[in-house]
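Given next are the chains, with one letter for each unit.
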Amino acid sequence: MIPVNWVVGLAAILFAIGAIGVMVRRNPLIMFMSAEMMWNAAALAFIAFARHWHDMSGQVMAFLIVGTAAAEVGIGLAIIVTVYHRRHRLDVDEISGMKN
Amino acid sequence: MSLFHGLLPEYIIVGFILISLLGNMLSRKYHVASWLSLIGMLSAFVASSHLWSFVLKPHMFLGGGAVIDNYSLFVNLLVLLAGLGTILLGWDERRWGTEFPVLVMLAVLGMMILGLAGNVITLFLGIEMLSLPLYILAASTHTASGGEAGLKYLLLGAFSSGILLFGLALLYGAMGSLAFVNFAKTVATPTSPLLWAGVVLSLVGILFKLGIVPFHMWVPDVYEGSPTAVTQFMAFGTKVGAAAILLRFMDFGFYATPGWWGPALGYLAVLTMIVGNLLALPQKDLKRLLAYSGIGHAGFLLIGVATHNLQGARALLFYLLPYGLAVLGAFAVLSLVAGDRDQVSVSDLTGLAKKRPLMAAFFIVVMLSFAGIPLTGGFVGKFYLLQAALFANQPGLAIGLVLGTVLGLGAYLRPIQALLNNQDSDSTAPKPKWTLGGAVVVVVAVVGTIGLGVYPTPIVHMVNQSANFFWLH
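Respectively, the protein sequence lines represent chains A and B. Residue 1 is where the first sequence starts when you use this note's numbering, and the numbers rise one by one after that. Residue 101 is where the second sequence starts when you use this note's numbering, and the numbers rise one by one after that.
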C-alpha cells in the first residue's frame, strides 16, 4: 500500500506545476489547462486523505470536483474560442486592451 | 422544520429557473423570461421573510452541510435584492438574448447556497454555482472589450478556485472531516504544517473572490469590461456571497483559535482600505472608479471578520446593505447616462445637474453614502464597524478605517464636482433618458440609503438576530 504522504506529495507537485503554469505561460488555453491541473491535484489529495481517514466524504468531494471541472471547461473553452474569433490572437498580454 | 420548508427560497429559485427555460422555449417574446425571473425572485424574497421567525434557533440539514438560520436568510434577502436590480437594469438590453435572466437566477442561487454553507462541499458548490454563470455574463457579446473581461475573470476565477480547493483538501487531511463545526473541535489540538498550509491556501482562495488587496488585480479590468448591469451584480452580489462565506468559514471553523488568523486579516483589511481608496482617486473611467471603491469597501467588510467579536459580525452584515444599495443606485444612474454604450467616464457626467436635476441629486446621495456622510446608510455602517474595531481593542483597524474613508471621500467628490459643473458642458450631447427599470432601482436605492441613515433600527434588529451563530462558543 502506498503511504498517504507520497500521494499527497504528488498532489502538491501537480499543484505547484499548475500554479507556475498559470503564472508563467501567456496562452489562455495553456493557462486554463494549468488551472484545471490544480483542481485535479486537489481531487487527488481529497481521495488520498479519504483513504487515510476511512471516510467517504472526501471521495464525494472528488466526484463533485470532476463534475464541476467538466462544466467549467465547457464554459471556458467557449469563451476562449469566442475571444479568438474576435481577435485572432491567443496571448493574454496582446489581448489586454484595458490599461492603468 | 423540514428540509423542504427550510430550503423553500432555494427551491423556488430552482423551479423558476426551469420555468424560465421552458418559457424561453415556448415563446418568442423577449420579456417572458425577465418577467418570470422577477416573479421568481420576488416570491423567494417573500419566502425568506416568511421563514424569518421560524429559525431563531439554527437548523442543520444534510449532515451539517446546510445551515438554515437568520444569517442565511439575511444573505438570501440581500442577494435577491441584487438579482432583482440586475434584471431591472438589464431589462431593455436586447443584446443579451433571453438567457440573461436565467443566468442571473443561477448566480443568485449560488450566492444563496454560500449563505447557508455548513461544510466544504456546499462551500465549493456555492462558489462555482456563483462563478460559472458570471463568466458567461461577463463575456456577453458586443461589449467594448470584446470578451476580454470574461476571459480574465475565467482564468483568475479558475486559478483562485484551484488554490481554494487545494487548501480545503489539506484542511480535510489535517482534520478528517468536511464540516466546519468539526474543524473547530479538532483544531484546538497542537497544530501541524498541513493545517497551516490549508488555512492559508483556503483563505487566499476566498479573499481572491472578495477582492482583497494583494489579490485584487482582476477586479478593475473585469468591472470595466463587463456590461453595466452585470458589473452591478458582481459589485453587490458577489461581495455579499464572498463576505458571507468568509464570516461563516472563520467563525464556524476556527472560532477557537482567532489568534492565528485575526491579526493577518486585520493587516490585510487596513492595506485594502488604504490601497483601494487611494487607487480610486486618479481614475477617469467611472466603472473603474467604482471598482476600486469596491475594493476599498471589501477592506471595510474585512474589519468585521478580523475583529472576531459579535459586534464585528453584526457590523459586517449591516454594512452589506448600505453598500449594496449605494452600488444599485450608482450603477443604475451609470447605465442611464451611458445609454447604449459600455464605457462611462467622469467627464460624461458634466452638466448632468442642469440636464437631469433629479438624476444628479440621486447620484449625489448614493455617492455620499459610499463616502460615509451622516444621514446616509453608509455613515451608520461605518460607525458600527468603527465601534466593533474599538470594542475588539484594535485601534489600528479604526485608524485604517478613518484614513480609507477620507481618501475615499476625495475619490467620490470628483464625479459630484463634474456633474455640478456647468461651464464646459457639451450642450449638443443628448439628455440621458429615464427608463422604468432604472427609475425603480434608483428610487429604491435612494429611499433605502436615506432610510437606513435616518432610522436604522429595524435593520439593526434583523442583523442582531442574524449574527446569532455565536451560540457555538
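Since the hints were made in silico from the structure, they are not lab data. Only a predicted model underlies this, so the values are computations on that prediction, with no experimental measurement involved. Glycine included, C-beta positions come from ideal geometry on N, C-alpha and C. Treat the hints with care, as some may be off.
[Claimed, not checked] With beta-carbon atoms standing in for the labels, derived distance ranges:
1) B:547 <-> A:86: 50 to 56 angstroms
2) A:2 <-> B:285: 27 to 33 angstroms
3) A:16 <-> B:135: 45 to 51 angstroms
4) B:356 <-> A:88: 22 to 28 angstroms
5) A:3 <-> B:105: 46 to 52 angstroms
6) A:13 <-> B:314: 20 to 26 angstroms
7) A:3 <-> B:304: 25 to 31 angstroms
8) B:282 <-> A:13: 48 to 54 angstroms
9) A:23 <-> B:533: 17 to 23 angstroms
10) A:59 <-> B:104: 47 to 53 angstroms
11) A:82 <-> B:104: 46 to 52 angstroms
Results of checking the hints against the structure:
Range check, residue 547 of chain B to residue 86 of chain A: about 42 angstroms between beta-carbon atoms, so the 50 to 56 angstroms window is missed. The beta-carbon spacing between residue 2 of chain A and residue 285 of chain B, approximately 29 angstroms, falls within the hinted interval of 27 to 33 angstroms. A hinted range of 45 to 51 angstroms for the beta carbons of residue 16 of chain A and residue 135 of chain B is consistent with their spacing of about 50 angstroms. For residue 356 of chain B and residue 88 of chain A, the hinted distance range of 22 to 28 angstroms is not satisfied, since their beta carbons lie about 56 angstroms from each other.
Take residue 3 of chain A and residue 105 of chain B: their Cβ atoms lie about 47 angstroms apart, and the range 46 to 52 angstroms holds. Between residue 13 of chain A and residue 314 of chain B the Cβ separation comes to about 25 angstroms, which falls inside the hinted range of 20 to 26 angstroms. For residue 3 of chain A and residue 304 of chain B, the hinted distance range of 25 to 31 angstroms is satisfied, since their beta carbons lie about 28 angstroms from each other. Look at residue 282 of chain B against residue 13 of chain A: about 29 angstroms separates their beta carbons, and that is not inside 48 to 54 angstroms.
Between residue 23 of chain A and residue 533 of chain B, the C-beta spacing of about 45 angstroms breaks the proposed range 17 to 23 angstroms. For residue 59 of chain A paired with residue 104 of chain B, a C-beta distance near 27 angstroms fails the hint of 47 to 53 angstroms. Range check, residue 82 of chain A to residue 104 of chain B: Cβ separation about 40 angstroms, and the 46 to 52 angstroms hint is violated.
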